Amino acid sequence: MALPTIVELGVVLTALAVAGGLAVRLGQSVIPAYILAGIVVGPSAPVEVAGVPLAVISREGFVEAFADLGLVALLFFLGVHVSFERLVENYRRLLASGLLDFVVNVAIGVGLGVLFGFGPLGTLFVAGIVYISSSAVVTKSLVERGWIADAESEVILGVLVFEDVAIAVYLTVVSAVALHGGTLLDAALRAGTGLGFLGVVAVVGWVGSARIERLLRTPSDELFLLRVLGVATLVAGTARFTSVSVGVTAFVVGAVVGRTDTTDRIERTLVPVRDLFSAVFFFAIGLSTRVAALADLAGLLAVAVVATTAGKLLTGSLAGRLYDLGPRRSFRVGVGTVARGEFSLVLATLAAGLAAAGPARLVPEFGVGYVLATSVLGTLSMRHEDRLADLLGLEFETTGSEGEP
Amino acid sequence: MTVYETDIPGVGRKYELELDGDDRLVVVVHHDSKRDVYRRSAETDESTRLFGLSGEQARRLGAVLEGTYFRPVELDRVEVPLGDAIIEWYELAPEAPLADATLAEVGVWSETGAKIIAVQRGGETHPSPNPDFRTRAGDVVVAVGTRAEQESLREYVRPR
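Listed in order, the protein sequences are those of chains H and C. Under our numbering, think of the first position of the first sequence as 598, with each following residue one higher. Under our numbering, think of the first position of the second sequence as 8, with each following residue one higher.
Any given hint might turn out to be false.
Unchecked claim - Pairwise CB distance ranges, derived in the manner of DEER restraints:
#1 Leu820/H with Leu26/C: 41 to 47 Å
#2 Glu12/C with His981/H: 30 to 36 Å
#3 Glu25/C with Val800/H: 37 to 43 Å
#4 Gly793/H with Glu50/C: 52 to 58 Å
Simulated from the structure, these hints should not be mistaken for lab results. Everything numeric in this text was worked out from a predicted model, so none of it was measured. Ideal placement from N, C-alpha and C gives every residue a C-beta, glycine not left out.
Make the full structure from the sequences, and use the hints.
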């Protein structure tokens, strides 16, 4: 049954509104709710309830286009906010905690990939999916729980910044290796040209930031919005002609634009646009998720969630120690980094594009199920962190006892 | 006093103000102009959220705290309203009855009803002077009282 586009659009937006409302009422992140909305009204079973057809939307036409815009807007924003200054200042601790986070959690991901028999490519994706915490979910929870005012937020945000940069490189390499096949040398060459392309974009932006500022200067918010979105989408779109992913390019464009003095204005004018399109992006992920596959994966997902949550708690606690935090605050760093979200989904979408055989076929579903579980788990464990800490006997260190053995 | 300023990616900016006793006031200014204000205890490093404000409310509060929201008292108009009472400043002329006398001798309060709340001498201020406080010519006497009380006090602080 094909509905007129405008009705489909209405269904999509209403489903998102209902799902988002429920998520907020339950004190959860909206990201998993949007995916679930997509699963419910999408083509996967159950397609009807009591004769009422549910599967009214398919991932085509405007949903596809909006989802692409959502991907661009999401990663563009992450780029705008990535602060290289933060990476440079205090770089030793940040590098140490970032690398620790990377090595341990990627290793767990590799272990899972091998265990599940996902094959080399699938494993590459799984490692990325379980490695990267969700900047969106985590920062939002930090603000909501009030941790943003405390010392642990610095460590958490530091790790997130490191992850953002790491995943940009990771995505470039993965898309070069995964999406075109060929020999390892071909892949390496493509990864090289991809990184080169990103380098050109970065350098152009770096050198020409004054020019970009002039280009974006207009008293009209409307024109400003269109220019930023236009440039970001166009440049990110040209990535389609290279082996670089659209998302990563949008990220780099964001980082370039973020160096100009326009960040506050971008924040003010572009946030609603990003929220709208990224909601459709998450929705579209739900649309293409096969629920049956999700059910088959339940056992594997449980293993993955337990193992990787333990991994994040471990690396977070150690990172907290690197920053001289007490045991309770270090534990909070771990708890704060449990939630996975948008980046893992970007990887899952990317994995959907590769026609893999065998269990690796299930990588996209694994990503979706994994994000659904960890984003909810992350939010919940942050909310009940006090009980968890009590359970483990962790206490805040009072400043008075500092310096004593 | 140091103010620490940090960028919070995806959220906004964080400002930390040192308070007395090493506590800190933490203000998070969100990109959407909302503000959250926390107080962090130096003892436990634990922050308590005090309140949140919209951008507009924050600007208003800021102006109030800065003292620019209400018109500041004009110092050359030596009258500060205080209910029915007002505060006035008098410079003691050498010939004034109160110059070179203790407050008890003159009986300022019993005679006029006005209360002398401070005496300024040179750069120094003597708050709540005792009855045996001896004034000198050139002192500035600060008195609180109704307009009528201030009027009768005038006789003691001005030359006759």
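Verification of the supplied hints:
1. Roughly 45 Å separates the CB atoms of Leu820/H and Leu26/C, a value that falls within the hinted 41 to 47 Å.
2. Here the CB-CB span from Glu12/C to His981/H is close to 32 Å, well matched to the stated 30 to 36 Å.
3. Taken as a hint, the range 37 to 43 Å holds for the pair Glu25/C and Val800/H, whose Cβ atoms sit roughly 41 Å apart.
4. The supplied range of 52 to 58 Å is met by Gly793/H and Glu50/C, whose beta-carbon atoms lie about 54 Å from each other.
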